[in-house]
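S.K.: Protein chains in written order, with the working numbering: chain A, 1 to 273; chain B, 1 to 292.
Careful: at least some of the hints might be erroneous.
[Unchecked claim] Rough simulated footprint, nothing fancy, chain B against chain A, three-plus residues with beta-carbon under 8 Å:
{"no.": "1", "stretch": "39-45"}
{"no.": "2", "stretch": "125-139"}
{"no.": "3", "stretch": "143-153"}
{"no.": "4", "stretch": "158-164"}
{"no.": "5", "stretch": "189-201"}
{"no.": "6", "stretch": "208-219"}
[As the list claims (entries may be wrong)] Derived, one-sided and incomplete: chain B residues facing chain A with beta-carbon distance under 7 Å:
{"no.": "7", "residue": "Leu36"}
{"no.": "8", "residue": "Val38"}
{"no.": "9", "residue": "Met126"}
{"no.": "10", "residue": "Gly227"}
Think of the hints as simulated: they come from the structure by calculation, not from any bench.
Just so you know, even glycine gets a beta-carbon here, dropped at the ideal spot from N, CA and C.
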Amino acid sequence: MSLVAQPPQIGTALPEAKPRTWVWQVVLLAGLVFYLLMPIVGLLRFSTRAADGITFQYYLNAFADPAFYKFLGNSLLAGFWTIAVTLVLTTFTLYWAYLKARWLLPLLEFISLLPFVVPAVTLGVGLIQIFSTPPLRLTGTPYLLIGAYAVVTLPFAYRAIENSLQGANVLTLTEAAESLGASWWQIFVEIILPCVWSGVISGGLLVLSYVLGEFTLALFLVGSSFQTFPLYINQLYSYQPQYSVVMSLLSFVSTWLVAWLLVLFTQKAPSQT
Amino acid sequence: MSSAITTFKQSSFWLRYPWVSTALGLAPMAIALSGLLVLPIVIMVVGSFKADQGWSLANYLATIRGEYLRAFINTLMISLFTAVLGGVLGTVTAIALAWGPFNSSPLLTLASVAANWGGVPLAFAMIATIGNSGWVTELLRLVGWDAYQNGFTVYGNVGLILTYTYFQWPLMLLLMLPAVQRFRSAWREAAESLGATRSQFWRWVGIPILLPSMIGGVALLFANAFGAQATAFALAGGALNLITIKITFLIKGQTSFNPGLANALSVEMTVVLAIAVTIYLIANQRARRWMQ
Numbered sequence: 001m002s003l004v005a006q007p008p009q010i011g012t013a014l015p016e017a018k019p020r021t022w023v024w025q026v027v028l029l030a031g032l033v034f035y036l037l038m039p040i041v042g043l044l045r046f047s048t049r050a051a052d053g054i055t056f057q058y059y060l061n062a063f064a065d066p067a068f069y070k071f072l073g074n075s076l077l078a079g080f081w082t083i084a085v086t087l088v089l090t091t092f093t094l095y096w097a098y099l100k101a102r103w104l105l106p107l108l109e110f111i112s113l114l115p116f117v118v119p120a121v122t123l124g125v126g127l128i129q130i131f132s133t134p135p136l137r138l139t140g141t142p143y144l145l146i147g148a149y150a151v152v153t154l155p156f157a158y159r160a161i162e163n164s165l166q167g168a169n170v171l172t173l174t175e176a177a178e179s180l181g182a183s184w185w186q187i188f189v190e191i192i193l194p195c196v197w198s199g200v201i202s203g204g205l206l207v208l209s210y211v212l213g214e215f216t217l218a219l220f221l222v223g224s225s226f227q228t229f230p231l232y233i234n235q236l237y238s239y240q241p242q243y244s245v246v247m248s249l250l251s252f253v254s255t256w257l258v259a260w261l262l263v264l265f266t267q268k269a270p271s272q273t
Numbered sequence: 001m002s003s004a005i006t007t008f009k010q011s012s013f014w015l016r017y018p019w020v021s022t023a024l025g026l027a028p029m030a031i032a033l034s035g036l037l038v039l040p041i042v043i044m045v046v047g048s049f050k051a052d053q054g055w056s057l058a059n060y061l062a063t064i065r066g067e068y069l070r071a072f073i074n075t076l077m078i079s080l081f082t083a084v085l086g087g088v089l090g091t092v093t094a095i096a097l098a099w100g101p102f103n104s105s106p107l108l109t110l111a112s113v114a115a116n117w118g119g120v121p122l123a124f125a126m127i128a129t130i131g132n133s134g135w136v137t138e139l140l141r142l143v144g145w146d147a148y149q150n151g152f153t154v155y156g157n158v159g160l161i162l163t164y165t166y167f168q169w170p171l172m173l174l175l176m177l178p179a180v181q182r183f184r185s186a187w188r189e190a191a192e193s194l195g196a197t198r199s200q201f202w203r204w205v206g207i208p209i210l211l212p213s214m215i216g217g218v219a220l221l222f223a224n225a226f227g228a229q230a231t232a233f234a235l236a237g238g239a240l241n242l243i244t245i246k247i248t249f250l251i252k253g254q255t256s257f258n259p260g261l262a263n264a265l266s267v268e269m270t271v272v273l274a275i276a277v278t279i280y281l282i283a284n285q286r287a288r289r290w291m292q
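Build out the structure end to end from the sequences listed, making use of the hints.
M.R.: Have a look at this one:
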């Protein structure tokens with residue numbers, strides 16, 4: 001789904017129209033805001049509850065625990081590598097398709113719908129059967145997880161890069177550069193990459209946000225051998241629910257940060273001539 | 001270039017067989033998709049037809065009985081309910097936002113965060129809100145209504161529906177917003193100038209135009225809820241009677257390990273989801289008619 005905000009169209013009123021009141025609209029929108037914020041209030045309350053008032057002890061303890069940094073680090077590592085693999089793969093393949101196989105582009109559109117037709121559960125079932133027996137015994141390793149994440153986040157990367165490539169007139173740029181004698185490596189690095197840079201960044205942010213919150217594939221494919229942040233939050237709830245709630249709040253804040261950065265980056269998307 | 005003079009045989013390999021470079025360039029993605037997407041699906045389908053004695057339909061027969069049939073129906077009902085609930089709420093909120101004088105930017109950021117933030121943290125957030133000692137529950141107790149005395153629990157179907165609505169509602173809002181924004185005010189004005197009342201406008205103009213987008217959105221929301229696992233798992237583990245939970249325990253459970261059955265359930269899931277996504281695609285095509 002697009003994280004780009006669009007300004008609303010304001011309808012024009014006819015001269016004879018009654019003055020409009022926006023009562024039900026305000027009620028609805030306020031209702032939505034309340035519904036979306038009430039669980040966050042719940043997290044805040046639960047994580048600061050003490051016998052006689054508010055305490056921030058749980059926050060201090062949660063962030064002092066080395067396990068937190070280890071498992072968050074695992075997720076960040078997985079996120080970084082997934083971004084690298086997915087973005088390089090998608091950018092290169094899309095660029096190639098634009099140049100040499102335009103008929104492929106509508107087919108690639110279907111990739112956007114994959115997460116709905118083949119959700120994490122289904123993919124996990126198949127992957128665990130292929131990769132849990134030798135010679136492909138990759139379950140429990142981060143490599144399989146990163147590979148699975150790379151495939152699952154393809155839609156995010158695809159849409160982000162596609163948006164940038166569409167507006168960039170890649171074919172003309174490539175031909176112009178070629179006629180000026182540039183090698184294809186030069187073309188790719190010095191001309192195409194700057195065009196898709198905003199797509200790369202927004203795609204990267206979306207992938208990172210996804211990986212930091214992904215639970216199902218991590219549960220199926222790696223379990224406790226490479227425990228990721230969401231697995232940690234879940235496990236923590238059984239014996240230290242307050243810490244788990246602190247982590248949940250952190251996850252919300254980080255998702256918000258990513259969304260905010262995305263709006264920032266997509267708004268200042270440069271126009272190339 | 002002396003290309004006019006060189007013969008076919010003397011020209012570069014890449015010029016003679018351009019498809020080779022195309023194929024080579026597309027190979028990495030093709031390999032990744034084959035090994036990590038196509039192959040698992042194939043294994044899943046093939047594996048669903050294998051039971052102890054070789055090829056059989058035993059797995060599928062097991063899925064239409066007892067607990068698995070109940071899980072299937074339960075998942076279907078919950079997914080449909082949250083899809084329609086989220087669909088209605090999302091559509092009217094989109095209309096309220098787009099046709100009103102509101103600045104949408106901060107609300108849209110909140111909506112996109114909520115639509116993307118689910119799974120484990122959301123489950124715990126809902127427990128902290130409508131759980132037995134959640135703040136909304138306690139607030140309601142203060143005004144006299146004890147939900148838990150009346151049979152409500154966050155770990156049940158209703159609790160799950162309330163939890164799923166957290167991301168279904170904003171997701172529908174985000175899906176409907178483009179359609180509602182493209183709804184030209186000229187159409188509303190034309191209806192008004194012809195003397196149509198509010199309800200007549202909606203009945204003959206508004207709803208028919210928005211209906212394809214709404215159906216597409218509901219279909220996508222259905223697929224979203226049907227395939228969801230993390231939220232339900234973190235919320236109540238095995239206590240929730242959902243297909244995705246059943247599959248989780250068939251794969252990760254110590255005593256209930258049965259990959260053949262998991263495969264069959266997954267294949268059935270995929271069929272349902274493919275139908276939902278197809279409905280979404282068709283509805284989108286119809287909706288595009290109004291975008292000319």
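S.K.: Decide, hint by hint, whether the structure agrees.
M.R.: To see whether the hints hold, each was checked on the structure:
1. Counting residues of the stretch 39-45 of chain A whose CB lies closer than 8 Å to any CB of chain B gives 6, which reaches the minimum of 3, so the coverage claim holds.
2. Counting residues of the stretch 125-139 of chain A whose beta carbon lies closer than 8 Å to any beta carbon of chain B gives 6, which reaches the threshold of three, so the coverage claim holds.
3. Residues of the stretch 143-153 of chain A with a Cβ under 8 Å from some Cβ of chain B number 4, which satisfies the need for three, so the listed coverage holds.
4. With 0 residues having a beta carbon nearer than 8 Å to a beta carbon of chain B, the stretch 158-164 of chain A misses the requirement of three or more and the stated coverage is violated.
5. Residues of the stretch 189-201 of chain A with a Cβ under 8 Å from some Cβ of chain B number 0, which does not satisfy the need for three, so the listed coverage is violated.
6. With 7 residues having a beta carbon nearer than 8 Å to a beta carbon of chain B, the stretch 208-219 of chain A meets the requirement of three or more and the stated coverage holds.
7. Nearest Cβ of chain A to the Cβ of leucine 36/B: about 4 Å, under the 7 Å cut. The hint holds.
8. Against a cut-off of 7 Å between C-beta atoms, the interface hint on valine 38/B is violated, since the closest Cβ of chain A lies about 9 Å away.
9. Hint on methionine 126/B holds. Least Cβ distance to chain A is approximately 6 Å, under the 7 Å limit.
10. A hinted interface residue such as glycine 227/B counts as satisfied when its beta carbon comes closer than 7 Å to some beta carbon of chain A; here the least separation is about 3 Å, so the hint holds.
Against the hints set out earlier in the document, violations occur for numbers 4, 5 and 8.
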